[in-house]
Structures are given as structure tokens and as C-alpha cells.
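S.K.: Build out the structure end to end from the sequences listed, making use of the hints.
As you go down the protein sequences, you meet chains A, B, C and D in turn. Position 92 of the first sequence, counting from 1, maps to 92 under our numbering, and the rest follow consecutively. Position 362 of the second sequence, counting from 1, maps to 362 under our numbering, and the rest follow consecutively. Position 138 of the third sequence, counting from 1, maps to 138 under our numbering, and the rest follow consecutively. Position 296 of the fourth sequence, counting from 1, maps to 296 under our numbering, and the rest follow consecutively.
To be clear, the hints were calculated from the coordinates, so they are not data collected in a lab. Just so you know, not all the hints are guaranteed correct.
Note that identical chains are pooled: a pair holds if it fits in a single copy or bridges any two copies.
In silico BS3-like cross-links for lysine-lysine, where the CA-CA straight-line distance does not exceed 27 Å [claimed, not checked]:
id: 1; residue 1: 222; residue 2: 175
id: 2; residue 1: 211; residue 2: 175
id: 3; residue 1: 11; residue 2: 73
id: 4; residue 1: 257; residue 2: 9
id: 5; residue 1: 175; residue 2: 49
id: 6; residue 1: 140; residue 2: 11
id: 7; residue 1: 257; residue 2: 73
id: 8; residue 1: 11; residue 2: 211
id: 9; residue 1: 11; residue 2: 257
id: 10; residue 1: 258; residue 2: 140
id: 11; residue 1: 175; residue 2: 257
id: 12; residue 1: 9; residue 2: 175
id: 13; residue 1: 175; residue 2: 258
id: 14; residue 1: 175; residue 2: 73
There are 4 protein chains.
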Amino acid sequence: MQSKPSEKKWKAGVLGATGVVGQRLVQMLGDHPWFELTEVAASERSSGKTYAEAVRWHLDSPVPESARGLIVKGLDPSLDCDFMLSALDSSVAGPAEEDFARAGYPVVSNSRNHRMDPDVPLLIPEVNAAHLDAIPLQQKNRGYDTGFIVTNPNCSTAGLVLVLKPLADAFGLEKIFVVTLQAISGAGYPGVPAMDIQGNVVPFISGEEEKMELEPQKLLGKWDGSRFVDAGLGLSAHCNRVPVVVGHLECVSVGLKKIASLEEVREALRSFEVDAELASLPTALRNPVVVLDDESRPQPRRDANAGNGMAAVVGRVRECPLLDVKLTLLSHNLVRGAAGTALLNAELLAARGFLNRRAAVQNQSVAEPVSR
Amino acid sequence: MQSKPSEKKWKAGVLGATGVVGQRLVQMLGDHPWFELTEVAASERSSGKTYAEAVRWHLDSPVPESARGLIVKGLDPSLDCDFMLSALDSSVAGPAEEDFARAGYPVVSNSRNHRMDPDVPLLIPEVNAAHLDAIPLQQKNRGYDTGFIVTNPNCSTAGLVLVLKPLADAFGLEKIFVVTLQAISGAGYPGVPAMDIQGNVVPFISGEEEKMELEPQKLLGKWDGSRFVDAGLGLSAHCNRVPVVVGHLECVSVGLKKIASLEEVREALRSFEVDAELASLPTALRNPVVVLDDESRPQPRRDANAGNGMAAVVGRVRECPLLDVKLTLLSHNLVRGAAGTALLNAELLAARGFLNRRAAVQNQSVAEPVSR
Amino acid sequence: MQSKPSEKKWKAGVLGATGVVGQRLVQMLGDHPWFELTEVAASERSSGKTYAEAVRWHLDSPVPESARGLIVKGLDPSLDCDFMLSALDSSVAGPAEEDFARAGYPVVSNSRNHRMDPDVPLLIPEVNAAHLDAIPLQQKNRGYDTGFIVTNPNCSTAGLVLVLKPLADAFGLEKIFVVTLQAISGAGYPGVPAMDIQGNVVPFISGEEEKMELEPQKLLGKWDGSRFVDAGLGLSAHCNRVPVVVGHLECVSVGLKKIASLEEVREALRSFEVDAELASLPTALRNPVVVLDDESRPQPRRDANAGNGMAAVVGRVRECPLLDVKLTLLSHNLVRGAAGTALLNAELLAARGFLNRRAAVQNQSVAEPVSR
Amino acid sequence: MQSKPSEKKWKAGVLGATGVVGQRLVQMLGDHPWFELTEVAASERSSGKTYAEAVRWHLDSPVPESARGLIVKGLDPSLDCDFMLSALDSSVAGPAEEDFARAGYPVVSNSRNHRMDPDVPLLIPEVNAAHLDAIPLQQKNRGYDTGFIVTNPNCSTAGLVLVLKPLADAFGLEKIFVVTLQAISGAGYPGVPAMDIQGNVVPFISGEEEKMELEPQKLLGKWDGSRFVDAGLGLSAHCNRVPVVVGHLECVSVGLKKIASLEEVREALRSFEVDAELASLPTALRNPVVVLDDESRPQPRRDANAGNGMAAVVGRVRECPLLDVKLTLLSHNLVRGAAGTALLNAELLAARGFLNRRAAVQNQSVAEPVSR
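M.R.: Printed below as a string of C-alpha cells:
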């Protein structure tokens, strides 16, 4: 299906491999056509434990055979990898990811720490692949050699921006009002106590509204050669936790720059198609936005796995008395909202040759640990 | 506490007494200081069954002793009551409530059928008690004698408007965005199948968004002596069903006419107090809006019973990047959103003498059934 | 993998195709190596609707393409099929399945109506394949030609008996205590109202305890050439509904005839392996009982899909102070407990030639509808 | 209603006051007719915080006014109390409760640490009030002066034994098979992660089966003047966690010594009545076992609050094919299973004069802290 750019698989390592997002990365790498999982690392040393011993596995498929026996390493940037996928907790991700980048590793991160750095791409390939142009400046600014940091957005932002992108392209965006109903898996493990969420809603997720009001500005904005220019949207977010395992649902009202009929809006969403470069990436969907007709959809339990969890599923496109259009969207918070987009980012980097320099260096000499 | 306006209790009947809202009415009438439950009626004849036999009781307190032995009657307007509380299903409420009004009964209805009638008050006592002035015109228009119809709003509208009222008074309202997370009990029984809502969200409730965008206009508008004048608000609603038993949560952004600080908004809500007439009603709260400081509240399971279910509980008052203020509110959908407000409406009618004429007529002669 | 006994696929029809179990059958037939779905039928006529129009689909995979356009037929036994899979509601299954059998169709039923008939096999291939020997007598008794009825057990019985079988073989069984915690999907759709089961347990499922105390006697008993001889077990069941979507969990205490260590019991379960004939069936697992070591497993949400839903998953094998062994087991109520076992039954019938005679007749002439 | 044995209220302190059970104790002491809450203490020092500041309150009623301002103390046995109610975590309860007893405080504990001590009563007043006779020997053995320790059983044992007691009295008990479906609140806070229990069952609760197989032996046994003699029951327990907030449901099969009809069993349960001494205790119910006729009850969400949470609710009394009788029972795990029984134990101790000696000493001198 997808043509792999080279014969050899790139060696991938996962930082924060035992957490909820790290597990997804490990699972998705289990039979990846381009990447081979060679290292797993975690912030708390697991003193020589194998991954199978160290992880409390939450997925209903078994731990991939290729991962079971890997020894869980610490966060020393001396791993046998061509690049790192990071699902580190934000309490440690900041300096750890910098250490790896400085040591020469491309770091494809799901953590929030570097998302808003002025020289770090906040990337959804279908939305702003051109932001990768910032990497050389990042390397220059920071004195990185082959390493760099690329991030993906917050789990509730990813689905939103994927749906906003075709609307921005077709009609221009002015204002967005969004209320999220977010799944418990978004809080990791142990995460939300059952006593708090059983038959309940918690109308607060620390830091989430701030992220949702900030990150889309960068994602939908432009890289002008020296800096990221915000999209200049009016954006208001309310974030809630609901008793759902997987799938963030979002109620969105959108104000457009150009007048559009509901059918034009639906058509813009339905016909959103990635270009040939992206379509060739193993994790990509050709049409990453799915529009449902049933007025009671999308629903988290029924639709979160659409497109292997990589689709944003939209329903109930209708008029908004205040802005222009109301719609409901859903995306898989652990796949499209975390591990899947991180992996897609890595695939895009691979396709564009950003992982090769590190791989080339690796072939010449064993990486030397850098001291912090 | 409350001074009952007369010695004798008014005789109350409940139409639709076996449903989820009807049960609440029966429960709340169980030890009511002013009203005595004398009749229960339901659309499907229960052929001489007692209420205890006919009802599938959903509350965790027992069926009130005074109700257990009452024979469930049909919808013939020949019941031994001074007034009717109606929790009829909307499929039958329309003509049935008219029949009772025509037969001389004040009908205090929770059903949606007559809410938007141009001569029927849509009433929340704390919000628009003056709308009762429409009753004489209604009686004249329709040829009703002592009977009339008064309604209360949809369950998700009630809490919203109660919170909007003090903001309208203090600052004026322009625009309201609201997204609801509504409890399953709002759909009655059997209502929502567990297969649809278990660990899930259903982003659609038939007719609900339309009601929420319409009813507040009437509630917050004025009776000008001959007709109801809409409040002229910009109002956009998204409605969702969530796996919660009781308590509708609403994420609201509000645009005000007058600039106000967050602290002024909080204070306007906190200090909202009903007048002496309302405060004397048995079911009334002096301060029907409760403001919580904990940033993770209100929560349905923890806060729905605040003020015996008659309070609207507000939290997270904060700035909105699009409009002026964001807040989260919660109200008990079966009490404040249905049975409690209906009962409060009946109490206000009692206090103002609207139930006496029927009672007087009743003392003279047994009510004659009217033929439809 | 499995060698298909013939080149041509058998034509399968599903009776009750729009229900929760019927949908699973349709899904599992979507890409079946031996069977081709040619007809769907339902008790309530859907007047010419296609399956895609008529069904309220509950699965998270889409309706199979091969089924979407099929016209939903009524229950007339004149369908273009080699055999029928029946997921009819028990209110209609009794005579309808007989009609089809009389008209020459092998009927592989999930309904309870004929399970305990003295000449109808109640079949789990891994447990009592020899019971198929009753088919000729059934045909003779009832005057059926190529048709017959074979049934699979109740959803909570299937998993239990699959686990009891290796224990019966190795140690002999005397007494079984079982308490079930059953998923809501077992009640079909709309099935259990959310108001009844949200954050709750319902300790009663109509008829379930009776089935669980009766069906294992037949399943673990013998066909002696003329009748089924019960297993003569002491068996006590308590059945509960819990708020879980899929997967029936069962707490079981077992009294054995022969003394066995816990390790011997675990080993008997782990090493339970089907014979070559069964192993060649497309839906069969070679080891249909999976034993987990984690003391907090099996769990419905995490383990129901083990072995594509065809495994019985066992955990917590430990001593019982009253009988000999306690254990916890889980099985997928819609797959192993319904559609999957029905399909496996059909596959066994195919492998043994029971579906060929009908197919042969079909080739000669179009089936004539029989009048009831 | 209840005659308080003395004019003055006893001063009560709560150890472990911020936990889930401690909060219930604080709530129930809020308006207790005999006891006044004078001190709250917790294992982790809250450095001078008030109770309102220190507690994360889980109940839907507000923190009692009398408790809000109390300063949270550490576990030094120098508190201004006549007796201590302990809801300490078992990791600290062992020595802490001994310290308080040694310092002269009667300690009424909900913790498991001392339940099986050979000289400590494990008490449910309705079941084994005579076990209080062990206190003098305990004091003598341990060199306690006015202090002593009395415990109540594990939350799932309490309801079971309350139901077994009338059966033991009327018919004698031989064997009990019990499977629990326990609420998440039984695990405290944060307790069970939502990721583990959302739409799931966890068939394991650490140590619970052992407690349930051991504690009833002591509770239903006798104090022979020098030691507790076990009841000698055959008892097998399976324990499960289910996604329910409050209320432990138990499926029980009972083998009786004497043959009894189902109606005799129901009648023995229904007519179970406490004696006059117990009936005079504020928290006691005259009939602590409630028998429901509805075959789908008891249910946790609907019945846990029966008798203010102090009743054991029984339903589905029916024949057991293996033992004699099957039934389902429910009790409120935080009230009957913890705080309520602890409070009832304290009331019984008060009524019998066990709290007076400490109170008398207190009046003479301020308690001296003991050094451990």
C-alpha cells in the first residue's frame, strides 16, 4: 500500500513507554512497516525489568511480542534508536526531551512542554506539514546537530483542528466556541478516581481550556521563515470529563469568514483529502474527516475507532443562531489525540529524510551519552 | 416557616402520575403543607388499580402512604381536586389539559404542549411571576371559567434561566451559548436504553435545542398586557445526553450589555434573592442560585440535591474570550426542571388566590364531567 | 489455515437478522471462508427495506458490504439458503424454526425454544459434538426430510460448560455453584433501560437461573442412541445484570469427584485442546480455555475479546472451603455465548456433511414455500 | 424517641476523620442526640488546617457546621474526648488504636487490625452484644485502665451476618456460599481508578474473601467467659468490585440445620426484632432486616438507603438446589458496613456505662499524653 522510502526499518524508541499513551505507541509499533521498536524507557527506573513485567497493560490486545522482552531503560540519551517517540509525563518531559535532541535524536513528542516553544513545530501532518520548515532554525538556535523536537497537540485540540482545517481552507475561520466531553483515558492511569466520575461529570480539567484556546492558533497559523504567526482566531473552550473510556466529543460552533450553506460545509468536510505525500504514510487516512448522517452520531463508544482511531468523525452539521454552523465532532483521544498523530509525525519526518541523518551517524559510531 | 394563606389544604390531582415526573410530584405532595393529594390519573387506564400497584416507583424513598391506596383514574375532567398538576406525556397532554381547564380546573403543567401558546404563562416564579397577568385574557379568549393553564419550562431551560435572570437584571443580556450534558432521567422511563448510553454520550435529544433556544426568550421577556414580548436574545444551544442519573449540567458563555467584572457577576448571582411573597412559598428558596468556589464543581452526582433540588448551582465563573463570561451550572432536572417548579407555580397561584375560585365552586357542587 | 471441505460456499440465511445477536451473525458472515450470506429475515416485515435501512446497527465495525443491500424478508421458509442461522426472539422462534426445518432447511438456532426438546441437540462443539447423532432420530420422529434443528445454549451457560468440560473429563464433576454478573447486551435492544442499570445491579434475569441449572445437564450428559441422559450434577445459579456492555463474568465453585491439586486443575484447563476435526473449523480455537495468572482478571472490558470472543477466560483458580475449587470465568456473551457458537455449530455440521443434502436438493429445484 | 441515658453529651473524637468512612462518622455525629464531636484527627498532619480545609468531602450534604472549624489533630492520644471512633487506615490503625486505649480512651474502631484479636469484641449489636463481656478481660490482659478496643466487621461481612443471625436463631446454620458485588466507595478515596472499573467488573478485592470467611465465625460464635468460640460454619466467599457508588450486594446460598419452608425463612427475617435496650439506641432500627417482595430487588442504587442505611435489605428468597435457600441481600457499605455500625457500637457502650469511666476521669484531670 504505502511505499516505504528505504529498505531498512528505522529504529524507534519510546520514552514514557509504560503510561497509557506510551502503551499505545508500543502497540502501534508492534507491526509497523517502517519502524522497529528497539528501546523502551521510563522516568522511574524499573531496574532491569522487562517491558512485560514493568507495564500495567490497559489495551485489550496483548503486549506485542517484540516489546515483551525489551529491558525498560532510564532517560539517559544513549539508546540504540534512530529517533524517539516521547509520551513522557510533563513533569519530566521538558529537560529530558531536550537532552535527547541535544544528543542527536529526533524527538517526536506528545508532551505539552515544548508545544508552544517559538522554534518547535506543533504538528498535525494533515494541517500544517509546512511547519517542519522550522526545524533547521531550531537546530541552529539550540545548537542541536541531528536532533530536534517536534510535538503534537493536546488530545482535545487534535480532533478539533483536523475538522477546522478544511473549513479554514474553504471559508476562512473567525470564531470558534467549543465544549468538550472528554474520556477518562485522557487523564492517564491511575488518573481519575472512580469515586469522582462514576455516574458524574467533572466540569474541569486542569490547564485544558488554556491549551485548547492557544494551540489551534499555532496549528492553523503559519511559519513565516523565522517565526510562527498565530491564526488570530476568536476561540472559547469549556472542558469537561465524562464517564467514557475512550473518545473525546466536542460541541463546536463556528463563525466563518465567507458565507456558506450547510451543504457546502458538509461537502468541504467530506471532501477533505490529503496529498500524495501524506497518503503514502502508513498511518495516514486519505480522508481523515468522516461525516455521519445519523443525527445521533458521533458517539464515543460507537465511533471512536473510525479510521483505526485516526479519523475525526463529524455529525449534526446544522445552523447556529449565534455563529454560522454548529457541529459535533469526535476523535480517539489516545490515537488521533496522542499516539497516532505522534506516529504520523514520525512517518512524515521519515518520508522527508529528517530521520536519516541520525541513522547515518548511528551507523558510524555508537552514540555517546551526553552528560547534562 | 411559611404562612399558609388559608386553613384548609387545597386538593391537588396529578395527571400522568405514574411517570418519572409524576412520581416526583406525588412524592413532593406527600407531606406538603398547603396541598393534599386527592387524585392520581394516567393516560393508560389502570383499571381500578391502586397507585401502589400501578406505579413502577423509581425514587429511593417509599411511595407516600397518602398516595398508595388512591385509585388511578383516567383523564376525564371529573376529579375531586381544586387544581391539577400535569406531568402528562406530550402525546396526550395537549387536548387533555385543555379539557381540564375548560372544566374549571387550574392546570399547572410540566408538559411542553402549551408552553409557547400566546396566552399561556411559561412560568418560573423567581423569574417572571408577572406573567400570571396573562391568565384573565387566556380565560376570556378560550371561554374558560375558573380554569386556566400555566406551564413550566423544559428541564434544561429552567436552570439556565434561573441563572440568567440575575445577570439580565444587573447587566443586561445579549448573547448566550449553552451546551448541555443532560441526565438520563430527563428522558423518562423506560427512556434511554442502556445499550445507547452505557459508557457513552449521545449528542442529540430530539427537540431539545429548539426548546432551549425558544423558551428563554419568553421567560425573560415581558407580558405587555396583551401579549408576550420576547427577550430578543441571541441564543445557541447544543444538547447532549450523558450517563448520569440526575442533574443537568450546562456550560454557558454569556455576552452582557454592560461591562462587569467576574467578581460583580459572582456577586450578582450570589445575592439573587426572591421577594417576600415568593419566600413565603413552601417550596421556594430565598437564594435560588448557589455559587460554589471549588473549581471542579458543580457536579451532578454531588450537587444536584442542593436546596432540596430547587437551587441552580453555579461554578467556574471565568472570562470568555468570545463573549464576556463563562460559567458552569447545574440543576436537578426532575425537581427544579420539572416537578419542583410546577409545584412552586401552584404555590404562587395559591398565594395569589387563583386556586380559590375553583375551590369555591367545588364546595357548591360536584364537578360535572364535560364531554369532549 | 482451515481446509474448506468443498469449493462452493454454503448459502447462509439469518433469521432475526436485525437483533443484537443477528447483527453479530451478519458481521461474522461478512468474510466467512465457508459461508456466504444470501438472505436476511426478521419477524416484523420491513416491507422491502434493505438490511442497511432496516437495522439499527450496534457494532463498531460497519455493516458488511455483502449484507447492506440484501432485502429483509419475512419468516416464510422459501429463502435461497442451504441452511438457516436463527437468532429469532423466543416469542416467535418456536414454530418458525420448525417451519424451516420441515421445509428442508437445517436450522442452527440460538433461541431457547427447542433447546430442551428430547430429540434436539443442544450443542457446543468442543463439549458434546457426539450429540449430533440425535439428528437422524429427530428427522424421523418429526417427519423432516433434509431439515433439522440444532441449538446452542444460553449465553451464560456456554462459557460455564466450556470451562466445566475439561474438569469433567479430568476429575469428574459433582456440584457447581455459580453466580453470574451479566452484561446488558445479553438483553438485546432496547433491552435494559438505563434508568434501571446505571450505577446499579439488578439481581434478577427472568428465566436465566432456570436455564443455567438445566442446560449444563444436557450439554455435559450423553446421547445414548435414543435419548439424552442428564449429567446428574448438583447445580445452583444466581444471575445478576451489571452495567457492563459485553462479557458475562461468572464466579464458580466446583466440587470434583476426584481429588485434584489447584495446579492440576489449572493444567487441565490450560491443556484443554480440541481434536483435529474441530481445529479445522474456521471459527474454532485450538485451546478454547485461556487461563490468566493476574489475580485481578478476567475482567469483561479487558478480556471479553480473547480468542476473537470465542475463548472462555479463567482466572483466580483457588481453594473453596465448601466445595473443592473456586474460579472466575468470563466469556463474550454475543460471540461464544450466541453468534460464535451458532456459527461454529454450523461449521461442524458442514464439515460432517449435514448441510450438503439440503444444498443438493437446492441445486435441483427452487425451494417451494410450505404452507403452515 | 430514644431516652438518652444521661443529660450531658459524650465527647466523641474521630480518628481518620478525612477519609471516606471518617466523613460519614463526622456527618452522622453532626446532629447526634448523645454524642458531640469535639475532635478530629488524621494520620497525616494537616498542620493546623480546619476540618473544612483539610477534607475532600464526598457526601452530598454539606460538612456539618459543628465540624467545619475543628482543627485537624495528629494521632497523639491527648484529645479532649470521652471516646474515639476510629476510621484509620489499616496501615496505621494497629498501634494508634492501642495507644489511645492505653491512654484510657474507649476506641470504637472500624479498622481491621484488631478485629480478630482474641480479647477484642468484633461487634454488631443486633448480633452479638454479649461479646462486650470480653472487655474486662481485655483491659486486664493489656493493662488498660478505662480504655479498651471494640471493633465492627468488614463492610461486606456486616450485612451478611445481620441477615444470617435470625436464620441461625431460628434454624441453625451449616453452610454459606456468598458472592459479593461491592461498591467502589468501599475502597476509599482515591481508591479504584475509573480506568479499572468503568463499564467493568474487577473480580478481586485484596484480603476481602479471607475476612468474609473468618469474621462471621467470630460474630456468630460465642464468648465463653475467657475466649471467643467460633461458629463452626462452612463458608465460601467470592468478592467482586462493580461500578456502583454505594451498596454492597451479596448473592447467598444457605444450608440450614433444621428444615424450613421458604415462607418460614422469609418470616424469620421479617420478624427479626431487636430487644428494648437496642431499640432505645439512637441509630438502631427495631427491625434491621427488610424483606422486599419485588423479584428484581434489592438494588444498590434504589435500596442502599433503606432504614437510613442501617437496614440489611433481602429479596429473592428462593430454593437452592445445592444448599437450602438462596437469597440476595444488600447493605450500605459506609453506614451499616462501617460508620453506622461503629456508631451503634458506641451507643451500646454508652448505654451500658462503658463510656462513663473515661468521662469521669476526664472530669478530674486533663488527659496526659502517653509516650509510645
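S.K.: Each hint: holds or not?
M.R.: Hint check:
no., hint, in the structure
1, 222 x 175, "within (18 Å within a copy, 32 Å between copies)"
2, 211 x 175, "both (16 Å within a copy, 25 Å between copies)"
3, 11 x 73, "within (15 Å within a copy, 55 Å between copies)"
4, 257 x 9, "neither (45 Å within a copy, 57 Å between copies)"
5, 175 x 49, "neither (50 Å within a copy, 43 Å between copies)"
6, 140 x 11, "within (25 Å within a copy, 67 Å between copies)"
7, 257 x 73, "neither (51 Å within a copy, 50 Å between copies)"
8, 11 x 211, "neither (31 Å within a copy, 51 Å between copies)"
9, 11 x 257, "neither (45 Å within a copy, 56 Å between copies)"
10, 258 x 140, "neither (40 Å within a copy, 50 Å between copies)"
11, 175 x 257, "both (9 Å within a copy, 20 Å between copies)"
12, 9 x 175, "neither (43 Å within a copy, 56 Å between copies)"
13, 175 x 258, "both (12 Å within a copy, 22 Å between copies)"
14, 175 x 73, "neither (46 Å within a copy, 50 Å between copies)"
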